[in-house]
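Spelled out, the chains give:
Protein chains: 2
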Amino acid sequence: MSQYTAFTEQDALAYVQEKSGLFTADEPLNCYEFGDGNLNMVFRISNHTGTSVILKQALPYARCVGESWPLTLDRARIEAQALIAHSKVCPEHTVKVLDYNPDLALILLEDLGDMQILRGAQNQAKQFDLLGEHVADYLAKTAFYYSDFYLDAQEKKALVAQFINPELCQITEDLFFSDPYRKHERNNYPAQLQPLVLELWQDDALKTAVAQLKAKFLSSPQSLLHGDMHSGSIFVDAQQTKMIDPEFAFFGPIGFDLGSFIGNLLLNYCAQNGRIQDENERHTMQAHLLHTLHTTVSEFARQFTQLASQHTQDVNFQEPAYISAFIQSVIKDAVGYCATELIRRTIGLAHVADIDTIADESARLDVQQQTINLGRQLIKSADDIHDAQSLKAVLSSLLN
Amino acid sequence: MSQYTAFTEQDALAYVQEKSGLFTADEPLNCYEFGDGNLNMVFRISNHTGTSVILKQALPYARCVGESWPLTLDRARIEAQALIAHSKVCPEHTVKVLDYNPDLALILLEDLGDMQILRGAQNQAKQFDLLGEHVADYLAKTAFYYSDFYLDAQEKKALVAQFINPELCQITEDLFFSDPYRKHERNNYPAQLQPLVLELWQDDALKTAVAQLKAKFLSSPQSLLHGDMHSGSIFVDAQQTKMIDPEFAFFGPIGFDLGSFIGNLLLNYCAQNGRIQDENERHTMQAHLLHTLHTTVSEFARQFTQLASQHTQDVNFQEPAYISAFIQSVIKDAVGYCATELIRRTIGLAHVADIDTIADESARLDVQQQTINLGRQLIKSADDIHDAQSLKAVLSSLLN
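Chains as they are written, first to last, in this note's numbering: chain A, 1 to 400; chain B, 1 to 400.
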């Protein structure tokens, strides 16, 4: 790692001109940095004909905190290798890696051009009819082809070791499962929520369920997860959906990715109560979000079942009753992880713009109360949920 | 590994004289090889005053099959490191490693002298009053101190990677979970059992339960297991109990070790129906075996609860309700793994002397039918079993 230097725009431009093979040596290029995350620099380099590329560099510290919070550059390897692994089985919905440079922690990526980050688009009340189907396709394929259903045990164990990602997993372990359920300096919520938060901290049944979800997150390497499947990790337009940024990738419980995604849909659902004034317009957007959620869960189940029925290599796992029980347990897990996403995005350190950019304080507080209550109720309903249909029934009763 | 050579008795003697620090350079030593396993050479070296030591060498192939079945020598590393890891938390019940030589795949071990292998002793109807308590102590301590309750996640993940043991796990995956449930050339049972075996192969509920146990074996790294906790891996006498031979060690579901051990107790229980003619004598031995089984389960639960209540580091896992639910799930898993041990030792490749040395064929067949039926019934009762008490109730009804 001795060769590492943090890139300026000039460095990025020179690197891409030399290495990408997309540009001639003397053509004028444009470069700007637009990383809005905390851990990386992201450069977009383009020429005047519109050819463009993304260069992402991991920083050795968290950008928002500065050099006092060191982070290993190995996460660039994890991200590049996870994207390559997921592209092998689902190129349709995975951003393409053009090159990876371990010494400089650089990933050269296809530029997704005019596609939009899902979170921003949903906050503008945009709808994407294919989103649920596409995400389900990505989740089912990446989950199945890196699971014990498909991989030989020796090959899978080698991959589990390759993707051991303790530093970034630790962030999730703390921010998802620990902090929001006790007094912690990293928590971040308005004083008006304190009574509701105290009530949650005293809810032993909830804390036991959260402990079980954390235990699975720590010790259930079912498949190679994206690890950070929120609405900020998804590029969309009317035709396409592309997953980006899997630097939290590791072998974990399949329900975690599915739960994170549907958790973000429900965060946006609740946020729209404070975002869209017109009742019809709001109901239309919320109905779209719920439809997307149900499509994701039902299509994930349908497609995983199909893949497992046709392509399972392990003789023990070919039993239809086993496949069905497995998917039910994934959906149950997903409901639990979805609930923890709702809670941690309201009480914990990292919030979502969906809620935080609601200008009216009282409307914002209403939304925050709703996400906390919805999370608490959902986690306790998880035992009753085993498919898209039962999830729909529970959500109908909780959201009305 | 270029320095590796398979040791003769002369090599073993010379090595120990030079390296052990137990003997002077010129004193006459005695050496004999007595390995009865398939994968290793085991030498005992002693002087005339009774000082003695064990030297174990892994062979690069399975001894019974010859050089055509290659095996990695890395299992000597796994065995040495697992013994050292378990000795750190439970020296009372772990054989002591004096030295480990990776190039020669050699482990120098304390000689356990006049202690006996449990299987042989039980086949002589010997009873060991402290056995259940000792095994529970070993299982609770090794399970707790290498679990997510105690270890920091980063430290645990490094250990999980260190103990990835695909080659030996594969043997278990095949012999425990796959072969016995379908036609396979490695299976080994008398023709008279064919109707019962066919019935088992058509039992879909059983096969689904076995698939779930295999999935947990593959992808549930709860703690650092012994991995081969049968009665041949335990040295006993009236005062002491020592675990040996953890070359199958890996991070897996805690219930696997507990289940393997109680499965072996039940194999011996059934075998005694064909071994001990005198009814009183037989009942006494069988009552002792059941008492040992119940002590193991109840003491394991009691001690794990105590360790978890007092020493759990992870804030999420300190909830008493979570600790209790965790132990219940371990016991349920153990019942399942116990059942697969009963079945695989009867239908699969590797049998136990407890049954195979019953001279009378008809008595032996009766025992084999009993172990298969007991395994089938137990696996389906696992959902009703969550503690020593409920296990006792189920076993009472199945064994009478």
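The hints are simulated quantities; they were obtained by calculation from the structure and are not laboratory data.
Just so you know, not all the hints are guaranteed correct.
Copies of the same chain are indistinguishable here, so a pair counts whether it falls within one copy or spans any two.
As the list claims (entries may be wrong) - Derived DSBU-like pairs (lysine-lysine); straight-line CA-CA distance at most 30 Å:
#1 K216 <-> K242
#2 K332 <-> K380
#3 K183 <-> K392
#4 K392 <-> K126
#5 K332 <-> K216
#6 K216 <-> K19
#7 K216 <-> K380
#8 K242 <-> K96
#9 K19 <-> K332
So, going through the hints one by one against the coordinates:
1. K216 <-> K242: For K216 and K242, the Cα distance is within 30 Å only inside one copy (27 Å; across copies 32 Å).
2. K332 <-> K380: Classified as both: same-chain Cα gap 11 Å, cross-chain 22 Å, threshold 30 Å.
3. K183 <-> K392: neither (33 Å within a copy, 43 Å between copies)
4. K392 <-> K126: Answer is within: at 22 Å inside a copy they meet the 30 Å cutoff, but 60 Å across does not.
5. K332 <-> K216: Answer is both; intra-copy 12 Å and inter-copy 17 Å each pass.
6. K216 <-> K19: Neither. Shortest intra-copy (42 Å) and inter-copy (45 Å) distances fail the 30 Å Cα cut-off.
7. K216 <-> K380: Both: 17 Å inside a copy, 24 Å across copies.
8. K242 <-> K96: Classified as within; 9 Å inside a copy, 55 Å across copies.
9. K19 <-> K332: neither (46 Å within a copy, 57 Å between copies)
Hints 3, 6, 9 from the earlier list are contradicted by this structure; the remaining hints agree with it.
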